[in-house]
Amino acid sequence: MSVLKEKELRVIGFLCNWCSYGGADTAGVGRFAQPTDLRIVRVPCSGRINPLFVLKALLGGADGVLVSGCHPRDCHYAEGNFYARRRLEVLKGFLPVLGIDPRRFEYTWVSASEGQRWQHVVTTFTANIHALGPASFSPEARELQILNAAAR
Amino acid sequence: MRIGVFICHCGSNIAGTVDCASVASVASTYPDVAYATDIMYACAEPGQDAIIAAIKEHRLTGVVVASCTPRMHEPTFRKTVERAGLNRYMFEMANIREHVSWIGKDMEANTNKASELVRMAVSKLRLNRELKPKSFPVTKRLLVVGGGVAGIQAALDAADAGLEVLMVEKQPTIGGKMAKLDKTFPTVDCSSCILGPRMVDVAQHPNITLYAYSEVESISGYVGNFDVKIRKKAAYVDWSKCTGCGLCTEKCPSKKSYDRFNEGVGPTTAIIIPFPQAIPKKASIEREYCRQFNTGKCGVCAKVCPTGAINYEMQDEFIDAKVGGIVAATGYDLMDWTVYQEYGGGRYPDVVTSLQYERMLSASGPTGGHIKRPSDGEEPKDVVFIQCVGSRDVSIGRPYCSGFCCMYTAKQAILTKDHIPDSHSYVFYMDIRSPGKGYDEFTRRVQEEYQARYIRGRVSMVYPKGKKLIVRGADTLMGTQVEVEADLVVLAVGAEAAKGAPHLAEKLRISYDSYGFFMEGHPKLRPVETNTAGVFLAGACQGLKDIPSSVAQGSAAAAKALALLSRDMLDSDPQIAAVNVNRCVGCRKCIEVCPFKAIQEIDLRGQPKAEVIETVCQGCGLCNATCPQGAIQLSHFTDNQLLAEVEALCRF
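Protein sequence lines correspond, in order, to chains A and B.
If you count the first sequence from 1, position 11 lands on 16 in my numbering, and the numbers rise without skipping.
If you count the second sequence from 1, position 267 lands on 301 in my numbering, and the numbers rise without skipping.
No lab work stands behind these hints: they were computed from the structure.
Among the hints, a few may not be true.
To be verified - The list that follows gives simulated cross-link-like pairs (lysine to any residue, SDA-like), each with its CA atoms no further than 20 Å apart: (1) K139(B) / T129(A); (2) K10(A) / E142(B); (3) K558(B) / P77(A).
Here the structure is a predicted model, which is why all the values come from computation and not from measurement.
So that you can see chain B by itself, here it is in the shape it has in the complex:
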């Protein structure tokens, strides 16, 4: 074998703390190395051309590039060697940037470690074999999990391009958090007016099948061919009969149910249609509040329903579907702000969350668009907004900025003035974060045109005094303490990943961070892909973002899904398990451990043997470590290849 070794400087990223030339000269002494050099930027066009030229000139049969992480540029260099006529698997990478030059400044130790990592790569490469992919057919259907604005955008874009789309939404209606908003910043246009038509489009699109009040039960399979089981939760109303007339919700005698859609601002009935523009506009029964379920006596809704749609015996239904790609768009939830005792910890009814306030502002909300104090129904004159309640607060383990609170608070202050012209708004803030198109102008307008008083400082306590709430805080610009007598306090509560997001991530086999947000493939270059092929991300589930960004990411996810599903056949990764039938004793251990059911038993001249279904195998190597005979080996990560790396480290 003739191996070429290329040590990348990566500008000064590697060369700053690694002596690349001496790594190259050490590498030239390794077995089978025919050529070794250092190179300024291996991934740049001149760098790749130099590798190709060297392959041809020195008749190389394998290449090692020592540069950044293979998770970044392994695909790049595989294509490079392929362009020079080598098989793409006759290539290895040594990670001397993320694992060497960036984590220490000791030139001597780094140079030595880099040489060792190259030795490992060379040792492994000497045992590499040419591998060829197989192709398999793709299911041209997309699953979108979550029916908020990001999911809606992804679904519509994909469906408009001709793809069949299944949308699964946990709540009885799609629309997500945006449907709860009254207006949107920085234009102050009506949220439901711009979202509503999109929701209708989802319902009416011939390519979209909507499963509302449903959840993803399980997912198996792999890119191009996922098997999804959807649990359609029992609504106790036959939606094929329900016309959404709302008679049941008028007559329901259980009028003290928690109103999930309206964030608990005012009670609702046990049988509900979340809001007038709900899609689908169908009723569902909240079992925990229903008299029929709790006492066995009522049945009012069944009596009044003109179509006989009520069915108390209804059970959860399961739907099996095959899809080629999945977009996760599960959004966010507000954190539990009652951990903050300084704001009353939930004891004072007139301390509300921004989302509750949004429902008070909305004409379709429980107060009919009139701002009323929850305690006595009076119109508040002095409204205090407190920013960063659960954002940028290390003390409760939330160091991150929720990103959109500064903007919606400015909007809410404007709306407050619009609703109650003689009102005064006070905003306690840490910093005003408004880096968007027209955003900073908007936050200025609320202060200059709407006379909202912005006070830079934290609130130390909120306590009741008569009918009022005293808000005491610091004004750090004036260097004084301030007290405001408020009628209503609105908390800009920090957002977190949607409840259940980690659970879904586990089903999708994607990673999530310590806050429950899903991990993108690369923070800059692969923002909507995940490390699981065929699974894409849209909206706040990946990291908090406002409506414009969520919509943009929804479209981006659809574009990525379309690129994947526009192909009839996909190439399977050839780094999969292979059975040596001479060594296989047919013990079935590999069949038992395989998480993908990718191994089957075959009969070979009367002997039971294992056989790998090549397009199903995902290349985890679980079987390899299980096989007592060493008969099943994971290509490209065989026992011998891995042990060669170990030996390269131990022997010298």
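Next comes chain A alone, as it looks inside the complex:
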């Protein structure tokens, strides 16, 4: 059992260690209540995220994927989030081509001090995913899913 039936959907987050993961920690320390759906994968930098990770997550059964990094110009590695922004923006435009609802993927910037902002981001994104409901797949996406499963 990965998510609680009827209660949760599968939401995966990719967060950079220095800003957004810290922001999520700050939210926790401040006891800012959040939905329980989100599971966070920690990466050093949003620039580390290969758009394929997002795609694999969505094809693998995630109902939503959230990526968060440092605010532009505030990257711990100077420019990683600029690369992330370009890649993820392209990915967002590309998702409909693959038959995936682009609303299931979002990227944002949250700094380590912005606990409250993180709470807002998680709450809003989770609510959006719940509004969309569990992921359903178009025939194109189905094909990709089979390929993805075969590649495992």
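Guided by the hints, dock chain B onto chain A, whose structure is given.
Positioned in the frame of chain A, the structure of chain B alone reads:
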């Protein structure tokens, strides 16, 4: 692989909303998990000992601890597993406190989520490899950015310990805000008398090189080996020739320049030495006010200078330096209080800021230490102090307390009485915040001994009436409205991060909060470190603080920098990129994206290949996501490791 899983209760912090025992029993069913248990406090000594014992007893080859954030205790537990003979990277953490137990109260959902996070950690750990650090030499030189009292303290402490120090100060003189103060609380001792000698020490210290009127242009490199470019702004005076005699400032015909040091209380000349105790005591020309620059005709200073130091052709100079560590001590600035229309929004000359008032009180200030109304030069008899102008005010987006205004206002009320014995001081305040050694006694003294009238309430408006200013406000203790006829109104203007602080933060690659204050590594346990190794914080740039705290933090930053730079070699983090030469096609994409120039092209039997310079790589993984071949992988965060985490979530 034999994995041990430890679910920490963290007292009731986790166990309060997560069923730790059932997480442990679920975890014991995960692949390769040989042992799983829950534990009261994993980080405490008995907890760590229990982990070590379990590693030995169950012959574990990898450990997962589910507890707080890895940003807190990952180093702790890495040392623990290392003590048990494992490689420190054969360890993973699941964050079930900040990301689970503290953000929701639903026991069922939390327990399930915690189990999932442990599953992710186990899945990743199964692909972990032993990693070994490399060591690299350290540049034993410290850069201090900012020459206020915090920066001075950091520089002197580090220099006294034998470290070479470069100090960069934006203004033509060091001393910062403290140099502008007349006296300091709660002792009322003379500010320049205690700071002055320290400034001289900086100038004369054999280990300190001072770059005044300079700014940090760019910073590259990494802990132990930063490359800094310093811009030495053109002062239009050759400081190697200038003796600081001040003849030029006497003769300069442009006498209406804005006096930055004196906060605009009275004008100054276009060529200036900020104040008599300035360090370095050198003249500089403010170009925007200089007749030579504006009309092309003047040259008076060049004519009178006995050493021929004036040089109108001077250009900004750039200095390259290599340093091992950096202390940021950029201080604060006052916010723009003119947003407050109720205090006149800057229309009334007799409404001044506390820092302007400080310059009026100072014997070296433009009024020679006589309090004079800016409008007519008369001595004020009734002085009204308004607290919290831009502090604790959500309506203008400044919810924080500036911290030192209550105290300096009390001091200024005392000084007012000292300067003008028949004067009356009124202080409109919200709360008196005086939690320091001897502070509360001080604020009592000003009321009892100096008869300052403290009125608890806000001021609703200030308006002129004849030569006077009417200050109308509430007295919330009496439940009445009060009106005071004032000769002078002094605003305790809230402080904010120094202008340009976010810009410097971006160069240093450190974080800052929404008010521009730099983020410390941990609010309690790492107050002077940042999350960027080798960069430390001192003084108000980290959060507003008074002089004693700034000095203490300056010393603390120096101690941290010394601990770092006392070593000859540093261990590099092995979580860096590695190239699989069999897959690399030599496309150079990784070389192009690397922000640290940590990848170079090599020739391998006639084939171009990428090679990572291990001590330069900072482990961001940008190259990993860029490589079309998947040939370059970030150790400890490889594609397979991250996808294993994703799969752990998707498959089940």
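Where does the structure disagree with the numbered hints, that is, which hint numbers, in rising order?
3
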